[in-house]
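Make the full structure from the sequences, and use the hints.
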Amino acid sequence: MLKDITIGQFFPGNSVIHRMDPRMKLILTIVYIVIIFLCKNFWSLGLVVLALIIVVALSKIPVKVILKSIKPIAIIITFTAVLNMFYVRTGDPLLDWKFIHITTGGVITAVFMIIRICALVVASSLLTYTTSPTLITDGIEQLFSKFKFMRNGVHTIAMMMTIALRFIPTLIEEFEKITNAQKARGADLETGNLVQRAKALIPVLVPLFITSFRRAYELAFAMECRCYHGAEGRTRMKLMKYTKLDAFGFAFIALATGGVVALNIFFQHVI
Amino acid sequence: MSILKTDNLTYKYSVGTPFEVTALKDINLEIEKGELVAVIGHTGSGKSTLIQHFNGLLKPTEGKIFVDGQDIWESKKTLKEARFKVGLCFQYPEYQLFEETVFADIAFGPKNMGLDEEDIESRVLSAASFTGVTEEMLEKSPFDLSGGEKRRVAIAGVMAMEPEILILDEPTSGLDPKGRDAILKMIRDYRDTTGSTVMIVSHSMEDVAKIATRVLVMNHAEIMSFDTVEETYRHADSLISVGLDVPQITKVFLELKRRGIPVKSNIYTVDQAVSEIDRLRKEGVSLC
Ligand SMILES: Nc1ncnc2c1ncn2[C@@H]1O[C@H](COP(=O)(O)OP(=O)(O)O)[C@@H](O)[C@H]1O
Ligand SMILES: [Mg+2]
Chain A
1 MLKDITIGQF FPGNSVIHRM DPRMKLILTI VYIVIIFLCK NFWSLGLVVL
51 ALIIVVALSK IPVKVILKSI KPIAIIITFT AVLNMFYVRT GDPLLDWKFI
101 HITTGGVITA VFMIIRICAL VVASSLLTYT TSPTLITDGI EQLFSKFKFM
151 RNGVHTIAMM MTIALRFIPT LIEEFEKITN AQKARGADLE TGNLVQRAKA
201 LIPVLVPLFI TSFRRAYELA FAMECRCYHG AEGRTRMKLM KYTKLDAFGF
251 AFIALATGGV VALNIFFQHV I
Chain B
1001 MSILKTDNLT YKYSVGTPFE VTALKDINLE IEKGELVAVI GHTGSGKSTL
1051 IQHFNGLLKP TEGKIFVDGQ DIWESKKTLK EARFKVGLCF QYPEYQLFEE
1101 TVFADIAFGP KNMGLDEEDI ESRVLSAASF TGVTEEMLEK SPFDLSGGEK
1151 RRVAIAGVMA MEPEILILDE PTSGLDPKGR DAILKMIRDY RDTTGSTVMI
1201 VSHSMEDVAK IATRVLVMNH AEIMSFDTVE ETYRHADSLI SVGLDVPQIT
1251 KVFLELKRRG IPVKSNIYTV DQAVSEIDRL RKEGVSLC
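Protein chains in written order, with my numbering: chain A, 1 to 271; chain B, 1001 to 1288.
Keep in mind the hints are simulated off the structure, nothing from the lab.
Values in this document were obtained by computation on a predicted structure and should not be read as measured data.
Please note that a few of the clues may not be correct.
Calculated lysine-lysine pairs in the PhoX-like style (CA-CA distance at most 25 Å, straight line) [stated by the list, open to error]:
id	chain 1	residue 1	chain 2	residue 2
1	B	Lys1025	A	Lys177
2	A	Lys183	B	Lys1064
3	B	Lys1012	A	Lys64
Listed below in structure tokens is the structure:
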């Protein structure tokens, strides 16, 4: 069902990763992604993967869910791996047949790429799995509002994002309700060719649009009634606070970064 | 044979996710042809979930549903038949209007049934007359009507399909008392004229007591009772305990009983109250 597609795929929980400050999580995720690309050999890459496994274990997100996040990009991964295998010509030749030339360098690069992309996707999914969309937007807003000249723009965008995120489930629910109501009147949404199906959506889309506009007006009124006027002079009820957990997280990623740099220096580069 | 029957019906939302909820637990009920059943229960007790099973919009997690003795999930064909045999009008049906004219909107259902033009027109006109939709309104855009008028148009849209069972989910919610009475009277007239089976969902006993033949009380995904209005009111105190509203007069008599005065507890209209007090007077019981 449509509702099963959760935007941002937040997976509620109470693990140490869930409880970390969203700002810290955002920064650390970005740093982590950078160090994935700093890795020059399998030793440092191994360290990066190990760090990721530890964090996944701490987050208590089921492994099945984590693997599901990789599924949608399986094609991209395969494509990248195959391309690299054929086009990288360094190292010893492994296969020479007609126009296909595969070398050890190609295979190593392909494997490297697969691991890198997987780590990248898992790390960024982990952020959205453990942080609610609203917290992520709030985190981004807080980070950017350090720069005074950006504050108003960032606030507006963050507010728009928050409202959009808030209304996605509502709209999906509304969509299902209207679909059911029209189905009850005998509307057939599942059979027929593309044109017929597109036409069959009219009875659902017209009421949906009307409802959305009505909701938008109502919300705007409600916000004005509560004197909303943008970022100027606005304070927060719940202030974000860095805690010990964030310090640990920071230290953890700092150590991983140091480790990667050291391993890059000590061992031979393969990529 | 009963026109509608459920067999150990259980339904869970979002199975296999952390948000799993059991919305219906082991529901067994039978409804006879021509009944007017009221379904009541507090918000979230599973009323809407239950009725969406009757025309196959929701598929039972466990159990079966029979319409006219036919298991509706047996094949695609039986499911489609159930869609047309059981007319379902959702809560706030005014938000499902989409056509350019009221006439076209009411005709949407009959058109989907594959009827010819003449049939469609006669059905639209008769549904319009049941619901008090005037000829002048039929030519208007549904979006130019008032809230109450829209609601009637939407109900007409389902009635025009002439279902064997008409089910309405909270048809009176959000209406003023006058609009509420008009809708209830309209539903009663519809049943009296066509002889069809009708189900009305409501969270207020007061609304439906006057017209229902039987009352199905839902509580936390289960059937609490399914009996005549009289019998249901006999347990008025348990209705209150599950968060349902009962008429003022019933509350007065419950309180009298609590104070040790031997009154009947299934009083729900002022007329009944008057005759009950008369009876007590005759028997020489003091009310104070
Ligand atoms: N689409 C849905 N997805 C998940 N849970 C739902 C959905 N619709 C209803 N529920 C849940 O099922 C239960 C019964 O709801 P519902 O049948 O709408 O009750 P009622 O109509 O009596 O107010 C409630 O706990 C509600 O939260
Ligand atoms: Mg409901």
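These are the hints, each one checked on the structure:
{"no.": "1", "hint": "B:Lys1025 <-> A:Lys177", "verdict": "holds, 22 Å"}
{"no.": "2", "hint": "A:Lys183 <-> B:Lys1064", "verdict": "holds, 21 Å"}
{"no.": "3", "hint": "B:Lys1012 <-> A:Lys64", "verdict": "holds, 22 Å"}
When each numbered hint is compared with the structure, no violation occurs for any of them.
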